[in-house]
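Under this note's numbering, the residue at position 192 of the sequence shown is numbered 195, and the numbers go up by one with no gaps.
Hints were generated in silico from the structure; no laboratory data involved. Where a beta carbon is used, it is the ideal one built from N, C-alpha and C, also for glycine. Incorrect hints may appear among the rest.
[Claimed, not checked] With beta-carbon atoms standing in for the labels, derived distance ranges: (1) L125 <-> F63: 49 to 59 Å; (2) S38 <-> D132: 22 to 32 Å; (3) V61 <-> D121: 50 to 60 Å; (4) L144 <-> T102: 16 to 26 Å; (5) K51 <-> S21: 21 to 31 Å; (6) R74 <-> D121: 17 to 27 Å; (7) S37 <-> T117: 19 to 29 Å; (8) D176 <-> L125: 18 to 28 Å; (9) G169 <-> S89: 23 to 33 Å.
[Claimed, not checked] Derived DSBU-like pairs (lysine-lysine); straight-line CA-CA distance at most 30 Å: (10) K31 <-> K151; (11) K51 <-> K35; (12) K35 <-> K64; (13) K31 <-> K64; (14) K179 <-> K139; (15) K179 <-> K151; (16) K139 <-> K188; (17) K139 <-> K151.
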Amino acid sequence: MKINIYAQHWLCHSLGLSKAFDRVDHGKMLQKLSSEFIFLSTLCSHIKPYISSRRQFVSFKHRRSHIRHVRSGVGHGSVLGPLLCSVYLNNFFSVVESTVYALADDIQSLFYGTQSRDALQLFIHESLDQLERWMKSNSMLLNISKSKIMRFGTMHLRDMRFQLRGNELEFVDKLKMLNVIIDRKFNCSHYIGDIC
Numbered sequence: 004m005k006i007n008i009y010a011q012h013w014l015c016h017s018l019g020l021s022k023a024f025d026r027v028d029h030g031k032m033l034q035k036l037s038s039e040f041i042f043l044s045t046l047c048s049h050i051k052p053y054i055s056s057r058r059q060f061v062s063f064k065h066r067r068s069h070i071r072h073v074r075s076g077v078g079h080g081s082v083l084g085p086l087l088c089s090v091y092l093n094n095f096f097s098v099v100e101s102t103v104y105a106l107a108d109d110i111q112s113l114f115y116g117t118q119s120r121d122a123l124q125l126f127i128h129e130s131l132d133q134l135e136r137w138m139k140s141n142s143m144l145l146n147i148s149k150s151k152i153m154r155f156g157t158m159h160l161r162d163m164r165f166q167l168r169g170n171e172l173e174f175v176d177k178l179k180m181l182n183v184i185i186d187r188k189f190n191c192s193h194y195i196g197d198i199c
């Protein structure tokens, strides 16, 4: 997807997903793998036992709970976990009408355009509504306190406000985008200072 560098309005919405790796529904994951990634049908037969044969229990002071089947979640520290999370979130990109950048559960949605300020605000509100519907139907939850919006260079968008579930999203002057800290002037000095 091409980005219009001459756009008058630039906004980035950094999505704070709440426990995305833990919320990956095994049944929906297998359905997505078989329907959206048809060429992976043989791979599905190998992944199914990996995600659907998991069990857990709690042990405390020499007592143990009953063993329960785990019906959601992928491993955080595994190689396969981020890949499965990305596959699970894959169709999100076709729902939200913006440029989306993602790495596992680290997702940024970039809105830009030359339309009027009011048209852009309406477009973003509609996109946020679509986002909420997708989250609900895919067992995901957006953490409002971790979701941020940053304006790039456009000062006349200062009074724009966006809400999700009745909570106003916070505007920030810098964001961590795919592990790179960038500010509203496309300056990476925060990132360089952070790693040096």
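Exercise. Quick check: which numbered hints come out false for this structure?
Worked result: 6, 7, 12, 13 and 16
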